[in-house]
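There are 2 protein chains.
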Amino acid sequence: MSRPDIRVVIMAGGSGTRFWPLSRQKKPKQFLPIVGSKTMLQETVDRLKPLLPLSRIHTVANAQQTKIIRRLVPRLPAANCLAEPQAKNTAPSLILATASIFNQNPQAVVIVLPADHLIGDVPVFLKQLEAGAEAACASDSLITFGIRPSFPATGYGYIHFQKKKSDSFGGFAFHSVLEFKEKPALEQARKFLAAGCYWWNSGMFIWRAETFAAKLKQHAPRFWPFWERTAAALRNRNRKALEAVFAQAPSLSIDFALMEKAEGVVVCPADFRWSDVGAWSSLLEVWPRDGRGNAVRGEVLALDSEKCLVYNPDKLTALIGVRDLIVVETEDALLVCRRDQDQKVKDILDKLKKNGRTRLI
Amino acid sequence: MSRPDIRVVIMAGGSGTRFWPLSRQKKPKQFLPIVGSKTMLQETVDRLKPLLPLSRIHTVANAQQTKIIRRLVPRLPAANCLAEPQAKNTAPSLILATASIFNQNPQAVVIVLPADHLIGDVPVFLKQLEAGAEAACASDSLITFGIRPSFPATGYGYIHFQKKKSDSFGGFAFHSVLEFKEKPALEQARKFLAAGCYWWNSGMFIWRAETFAAKLKQHAPRFWPFWERTAAALRNRNRKALEAVFAQAPSLSIDFALMEKAEGVVVCPADFRWSDVGAWSSLLEVWPRDGRGNAVRGEVLALDSEKCLVYNPDKLTALIGVRDLIVVETEDALLVCRRDQDQKVKDILDKLKKNGRTRLI
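Chains A and B, in that order, give the protein sequences. Everything in the first sequence is counted per our numbering, starting at 751 for the first residue and increasing by one. Everything in the second sequence is counted per our numbering, starting at 751 for the first residue and increasing by one.
Extracted from the complex, chain A is given alone in its bound form (with noise of 0.2 angstroms):
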């Protein structure tokens, strides 16, 4: 078998609202140095590097966040950098991103990856993705990466898979996906995590681009309209066809619309060290930490104070008998915080939304 044309496409449309007030509607958590020195989006980038040259990557988002990743990522072709005419969730994008590919190569292998998530163990993270292309490529599969969960989390969807059989490639394990779950209560979270057979939904996929058609046509016949047209319209280099298109596009995730629709749907388990980075206080297990668990960007000074997370780059920041704070300062606002209430931010974006600050926001 000749070595597969593997493809990227990185999802770099989120409009993260969870790191206010350093991430703005403008500038989302993908495009901040959040994890690292660099943008999320550019760490993404880089970590392919040993396994495809950067013309075989892509990446989708609005045509503004476009903009900025061509702006980050100079390098990469601009013609691989997609941008939908509206945003329409995951499905419509990643419509939109396969079905560019398969205009280029219906056999290529397709891997979707997140722009914002943080990989601890980046060798194995390529081991797995390359297992998963030759699992996409031995058969007509929708691959999935499952993360083992280390608690009854109820902000991730759920993927229940059968324990008992798999398959293996590149000595990774793939197992049939039961179902898909969204995401649950904290009883039923419990559950899951009990019953040892149900591991959360990472969004990272592998298809080949005519496996995903195929599929598509056979489980999600609601789409398959926008994927031909979207396919034609890509070919023509027609960009009024694409608007036209996507402004009828159901909004729908790529899970709903078809990944718990469609049979023939495998996961395999990542073990590489994952985290979506989904709110401030992921970073206190990311950031390196000083004795007292305290985890900092700028300079502090802390007395009696523990488990806190402070971002401050540009001034002094002085702690006294705080602990589970999370205290993050910019140009024009200060957010202190309890570390577990951090998914309220939203409400005072929502705030700032109803008072008019757009400014803000």
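Quick look at which bits of chain A chain B covers, simulated, 3 or more residues with Cβ under 8 angstroms:
(1) 1047-1054
(2) 1065-1079
(3) 1096-1104
It should be emphasised that the hints constitute simulated quantities derived from the structure, not laboratory data. Computed from a predicted model, the values in this text were never measured in an experiment. Backbone N, C-alpha and C fix where the C-beta goes; we use that ideal spot for every residue, glycine too.
Chain A is already provided as a structure; the job is to place chain B on it using the hints.
Okay, now just chain B, sitting in the frame of chain A:
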């Protein structure tokens, strides 16, 4: 009896550190608009307007602070703004100020007021000052004001007074002082509170200039040569001589140098509401509070947050799920401090000093 020649001496020489990062060595509390929209010094001057003209108000502070005073209260006569050659605690300051007034009129009544106290009920305050001035004219007493303790404070000195006997001036009782007590330990403070014959030492005094001189000569002979040389240097407008005298002056508080040694000291309990606004947390009792007990300067969005003090006039502050916090932001520093630990701000300053971060202290 002719109306007495009343003077006020505002002690504006403190180098407050407790409002860091807003207060700095060169910008102590009295020069900050911490309580209202004017600086505490300006408020101290303003509230005296019904009692006496600006020409009767004197200040004592170091040379640099005196420049600030002149800028903040430009209509104060330059000759009234006494610049200490060097900082030597309150005894040398008050000898300088009282000697200066003595040179003009030995019978003048000197009212000593700190520049950085909050007075809640100004009409009563002024009535009590007048009553104190009357008492000072009617006797050879050193007069102090005592604050009825509301809790067993360990941060104030206490005045032990004779409970059963008092003189009355202007309708206010003046009790003989039995003893000055330095800042007590908590157990001792509790006993003082229970005893009912101890008030906090407010640091406000009234005396005739000649009475002060006589008491000094008799009860603080160590300071007598300092008084004589200071008075002479002032008469001769000899700055060099004043500097030489100050260089040799012992660095003692007026309480320690004179008040606790002198006979004929009386104390009048303050009927005006009083606060020395000793640290950030004290402003929670001073600034208006929202329904959850938060007191703020600046735009604050508070979610599930209570009893927080926020000073951040220049940008938005978002609080989520926090309580009992002090949050203070300035151009070059951010403080996040548990409400009951604001006295540790000093430790931050010590660290900064040790690290040579002069610009920040």
